[in-house]
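K.L.:
In case you want the letters, here they are:
Number of protein chains: 2
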Amino acid sequence: MSDLNVNGALTRRRGATLRAATVRAANGDSATGTASLVDGDVSLHDGQRTRESFLELAAAKSEKKKRRVEVGDRLSCHKAQESLLSSASGYRNYRGVINWCVVMLVLSNARLFLENILKYGILVDPIQVISLFLNDPYSWPAACLLIVSNVFILVALYTERQLSKGSLSEFAGFLVHCINLSILLTFPAAVVLWVPSMTSVGGAIALGFYTILFLKLYSYEDVNRWCREQSTAKAKKLSRSLSCPSSQQFKGGEQKVCYPGNLTIKDMYYFVLAPTLCYELNFPRSPKIRIQFLLRRLFEMLFFIQLLVFLTQQWMVPIIQSSMKPLEDMDLSLMTERLLRLAVPNHLLWLMFFYWFFHSTMNFTAELLRFGDRQFYNDWWNSESVTYFWQNWNIPVHKWCLRHFYKPLLRKGFSKMFSQSAVFFLSAFFHEYLVSVPLRMFRLWAFTGMMAQLPLAWLVGRFLRGNYGNAAVWISIIIGQPFAVLMYVHDYYVMNYGDGDLLPLTLLDEQ
Amino acid sequence: MSDLNVNGALTRRRGATLRAATVRAANGDSATGTASLVDGDVSLHDGQRTRESFLELAAAKSEKKKRRVEVGDRLSCHKAQESLLSSASGYRNYRGVINWCVVMLVLSNARLFLENILKYGILVDPIQVISLFLNDPYSWPAACLLIVSNVFILVALYTERQLSKGSLSEFAGFLVHCINLSILLTFPAAVVLWVPSMTSVGGAIALGFYTILFLKLYSYEDVNRWCREQSTAKAKKLSRSLSCPSSQQFKGGEQKVCYPGNLTIKDMYYFVLAPTLCYELNFPRSPKIRIQFLLRRLFEMLFFIQLLVFLTQQWMVPIIQSSMKPLEDMDLSLMTERLLRLAVPNHLLWLMFFYWFFHSTMNFTAELLRFGDRQFYNDWWNSESVTYFWQNWNIPVHKWCLRHFYKPLLRKGFSKMFSQSAVFFLSAFFHEYLVSVPLRMFRLWAFTGMMAQLPLAWLVGRFLRGNYGNAAVWISIIIGQPFAVLMYVHDYYVMNYGDGDLLPLTLLDEQ
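So the protein lines, in turn, are chains X and A. Numbered according to UniProt numbering, the first sequence spans residues 1 to 511. Numbered according to UniProt numbering, the second sequence spans residues 1 to 511.
Extracted from the complex, chain X is given alone in its bound form (with noise of 0.2 Å):
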């Protein structure tokens, strides 16, 4: 549909382009006679008349006449016609706009970029970054737990491996894997919680890990459940294997693996590592690693991974700690300023982040391991309804809830605005695990910032179509993370630095 639209608009600008050549074209009547214009960077429907209008003259073979059609065009040189900014002129091209609309934002921040330094100084600090992660220089909590990490991938390898034995029965089998799946979600957030050598920084990582591993393992469980089904179903009807699909369905040479001999360390550790949560037995592979593809990206990662601290460090920073005194006294209208202020340089921060994760590390690992399918995201920039945005903003997730999640759901009979409401209500649960876990306070803003995507999720897409459309899905966007990042930023500090005990610099920025 989104398609189909694109080319309909381009159709309309393009009458509306000739519609406005024409009226050029009438507008270009009064520029007879000779050079017509200061210089010779003219129009083309000028130029073009000029010359015509030479070549007339040149015919006639007649000077005096040349000089009476000269000084006729020097006594009138005026003709009825309409402002272009009238609706009546019919003239519709505004491309110029668009260069002013990124004119005036690249001098809006420089503007900001400047006063920002002349406030505030270089604020970069490198050692402030590695306090981050360590509390305690000889105590790596994060780092153990992604060792850990191991033992739940190997407790669900070999109960697969008897499950496919048939040593394991399919109930058993499903009661060791959602004990499994429950000490994986709920152990590191209890050592998150409870460990005081662990930061928030170094906590949140290994809980993103951990939630990631999570959705691998369940998708794991899944396939390798559906492979089973399919081979009972194929023992009974004595019918083609469909889970190892014959060889002229795929373009590589490679040997396809089939059930249960994808069931080795090797083959579950790519899919661990690999940028996807929904496991196959055949991934797509591409050819070969291009190094100059690799090397693109590994700089990539490095440049923005600095830039992103450096933007925090110097502009998200000195702005949050200055909106704590008006967050505190309830000031609205200064509220309200600051949260504008925050939603730049965090939405920035944002895009910045989007592209170093779903586009610069995704493809480096997944060139790195020959993974062939490199969809991390499609075109959200273009949504025009908050739906279409979280469908497509996240493709490995997106993929994962509709396998997983959503399908399943409505084969249990489920309609579909349970299974949907049910995919956000599983996708706020654990956008809340890890932002209150590894802050150690419950308030909720994460969860309620994604449950509140449904009732915004409707009234965007009843009321706003197009342009109106994504307008508004780029300000929820932009206003709606400032906002629920300000609420834990304040709780956060209230928290651990009581009233009035900020940092000295909140209190520079008041008058």
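All clues given are correct.
From the derived model, a few chain X residues whose C-beta atoms are all more than 12 Å from chain A:
id: 1; residue: L132
id: 2; residue: S167
id: 3; residue: I265
id: 4; residue: P455
id: 5; residue: F463
One-sided excerpt, in silico: chain A residues whose CB lies under 10 Å from chain X:
id: 6; residue: N93
id: 7; residue: A366
id: 8; residue: F371
id: 9; residue: D379
Read the hints as simulated data drawn from the structure, not as lab findings. Even for Gly, the Cβ is constructed at its ideal location relative to N, Cα and C.
Got chain X; can you put chain A on it based on the hints?
P.N.:
Showing chain A alone in chain X's frame:
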């Protein structure tokens, strides 16, 4: 040329969209089988594919086959493909980015507005506006100047009458016109400079009016002389008169006047009031006054003049005042920051002024006078070169320069380069005249600014094309103006308020 480029660009973009659609269609392959996305708001290709698959399945009449396809689809959910942002994907559809620009601009400026109100409160003061025009409520020097201007108009008219009768020789007439026009420029300048009750704003308006009158009377003299030259030629050759073209050349049914029938008071005052600088014996007239159009332009005039005053008092003045200290101290980084800070409001005010004067006011006057030619500006917002901008943003002045200055110079045998530079020199002179005299200080900033357009035009025309040229023109407009404004305002403050004696607001803004 520019229209051709637009069409070319649109065709290219269209091609890109089609390519993108193809890429999407290819991407859509994975979405077969049952409902493939979380909700009904899916893209065209996925939706079509889903429907096609359903039809196929219905035709196969096999529940088993459907089940098998579904399971096969479940098991294989990846496809070898590139990320959209990789250059290899061929994807180019970023139309959402335009909406992003607009949203970011609106949000940034909403924040600036709120910040301004919080920092300064409401600064708007209508009494202050009146004081800009009146120093002494019993002496209205600017208004008196406007009344005196009638003398010059009548002198020009009666000189022409004598010339048409032959009771004054061509040379004597030329001399009278020269003296009349010289006094027209010098007398109001002298009044503005030496009458103490004249304010800067009142002086600028009076001088602006006199400059317009100068250009109009110069045109009046030129056209009437051309008419006489033609009559003489006609009398010599007995050929058909061209000074009054035959009526079939005009669409309107109005009676056309011939020289010297145009030398009436009514005709003269119509020309003085009409929104053009080029005299013509028979101006194109619109058939009737459209009341709705007139009222809309009147409303715009009243609305924008209020907004201009509001934004100047609330936004421009505080920034200018806070820029005095950095300018005095020659603090370069702080000066740049203030310049960029001033650029946005200054530019918006200029855009509003442009619309207010060139669209609302001129169209209002034209509608009232049934003046037919409404081309007061052209599409300068799309200009890809500095010369195109100067040729198209102010059509009345451009037309005058072309008809009464540039072409006569060419006819006298001067080169294009010289004539073009002469036009810029004339323009620079009048810019300086309109700024320096009312401010009673001669700094040549406006003159330099106009003359700097020549090398700028050369640089932009030489090195930048298309959108880059357009962006360069925008930057020169956005940055160049506030630079000159700051220079003048700084000098004015230093001259009138001395060092350290700036208004109290200045101190508020410094840390």
